[in-house]
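Once you have looked at the hints, place chain B on chain V.
These protein sequence lines are chains V and B, in that order.
Counting along the first sequence from 1, when you hit position 55 you're at 55 in my numbering, and nothing is skipped either side.
Counting along the second sequence from 1, when you hit position 34 you're at 34 in my numbering, and nothing is skipped either side.
Think of the hints as simulated: they come from the structure by calculation, not from any bench.
All figures in this text were calculated on a predicted structure; none of them were measured in a lab.
Keep in mind that the hints are not guaranteed to be accurate.
Claimed, not checked - Lysine-lysine pairs mimicking BS3-like chemistry, simulated, CA-CA at most 27 Å apart: (1) B/15 / B/62; (2) V/111 / V/45; (3) V/42 / B/11; (4) V/45 / V/2; (5) B/78 / V/42; (6) B/62 / B/78; (7) V/42 / V/79; (8) V/42 / V/111; (9) B/62 / V/2; (10) V/45 / B/11; (11) B/78 / V/45; (12) V/79 / V/45; (13) V/42 / B/15; (14) B/71 / B/11.
Stated by the list, open to error - Restraint-style ranges between C-beta atoms, simulated for each label pair: (15) B/44 / V/67: 21 to 29 Å; (16) V/3 / B/61: 12 to 20 Å; (17) B/12 / V/9: 26 to 34 Å; (18) V/31 / B/64: 31 to 39 Å; (19) V/57 / B/78: 38 to 46 Å; (20) V/80 / B/39: 18 to 26 Å.
Beta carbons: idealized from backbone N, C-alpha and C, even for Gly.
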Amino acid sequence: RKEVEQDPGPFNVPEGATVAFNCTYSNSASQSFFWYRQDCRKEPKLLMSVYSSGNEDGRFTAQLNRASQYISLLIRDSKLSDSATYLCVVNPFGGAGNMLTFGGGTRLMVKP
Amino acid sequence: EAEVAQSPRYKITEKSQAVAFWCDPISGHATLYWYRQILGQGPELLVQFQDESVVDDSQLPKDRFSAERLKGVDSTLKIQPAELGDSAMYLCASSLFPSGREANTGELFFGEGSRLTVL
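Looking at chain B on its own, in the form it has when it is part of the complex:
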């Protein structure tokens, strides 16, 4: 079982509905990521947080997607309204980023993901 907690594991919704995913990273991990993985493809970064601040959200479709990490711990990713093309696995990951020193270990710890199906 992954140490990064995600919920729900599965979500089926109709297009135009709102959906939200939650992620609780490994305790002490300052960096949190949301990736989207379409079946048969690699994960694509949607947003990266360093503590409560967004580091990169250049690939986040901001007209319908939003993400927050208000207290720098857990995070929520929201889609409103959902579209058919949003059907995918939404993966949350965290990494240890020691403050004051460069960290480039490349090890991300992923949760088990939230599989979204939009009908």
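Chain V with its partners taken away, still in its complex shape:
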């Protein structure tokens, strides 16, 4: 079983739609969680952190469910520019340092 698992998609949605992705992680002791965005043939970039209390940034909302070991990303009012691959990232270790494990990514395609 992979440490971080995502549905690869693609998710094809029309502009203005709401779309949600889930990601599951295997290490129950994981400490921190993130969503990265990767445009086609570009490098990944941090989209947002995922806090225990949830995190909202404009049209994007991230949630953490420790009991079920999954995190989610909700995108409201999808834009064409949201088309990208969304990578779920988990830090399985607490304490100092970043030891990040990436999921395989979920591809989103927003269409006019």
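Positioned in the frame of chain V, the structure of chain B alone reads:
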């Protein structure tokens, strides 16, 4: 344009040849990572440095891959000999790790990557 510099951007080589990638992280970033990303998959960590020391190289195929960061600044990843299955994007990333205090921001700054094709 990414602040983490990588070269070359593209490399085509034949199997059994040697290949090397170079990375210059953001100034002041003590932690440097090399990831490999196969098309359609997420990045997989190959090696992590803290200054000049290796923190994690458990996923580095040491029979053919080597990585160094001699002065704790720029880094080189080498493959010798290259195999067909090594075709991938090799991403370098860096993060700020303040000494003496825990850092867990999760923000890695990636370079644009070096795309390797092995024929």
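Measure nothing beyond the straight line between the CA atoms of residue 78 of chain B and residue 42 of chain V; if it is 27 Å or shorter, mark the hint as holding. holds (22 Å)
Has the given pair, residue 45 of chain V with residue 11 of chain B, been kept, meaning a C-alpha gap of at most 27 Å? holds (23 Å)
Given hint residue 45 of chain V paired with residue 79 of chain V - CA-CA distance at most 27 Å: holds (18 Å)
Hey, residue 42 of chain V versus residue 11 of chain B, does the alpha-carbon distance stay inside 27 Å? holds (17 Å)
Looking only at beta-carbon atoms, does the pair residue 57 of chain V, residue 78 of chain B fall within the given range of 38 to 46 Å? holds (40 Å)
Can you tell me whether the CB distance of residue 12 of chain B to residue 9 of chain V sits inside 26 to 34 Å? holds (30 Å)
Are the Cα atoms of residue 42 of chain V and residue 15 of chain B separated by 27 Å or less? This hinted pair holds, its Cα atoms lying about 26 Å apart.
Below or equal to 27 Å on CA atoms is what counts here, so check residue 45 of chain V against residue 2 of chain V. Distance of about 22 Å is within 27 Å: holds.
When you take the CB atoms of residue 31 of chain V and residue 64 of chain B, is the distance between them in 31 to 39 Å? holds (33 Å)
Taking only the CA atoms, is the gap from residue 42 of chain V to residue 111 of chain V under or equal to 27 Å? holds (20 Å)
Hinted pair, alpha-carbon criterion (27 Å max): residue 62 of chain B, residue 78 of chain B. Please report holds or violated. Satisfied, since the Cα-Cα distance of roughly 10 Å is no more than 27 Å.
Can you tell me whether the CB distance of residue 44 of chain B to residue 67 of chain V sits inside 21 to 29 Å? Distance hint for residue 44 of chain B, residue 67 of chain V holds at roughly 28 Å.
Checked against the numbered hints above, the structure violates none of them.
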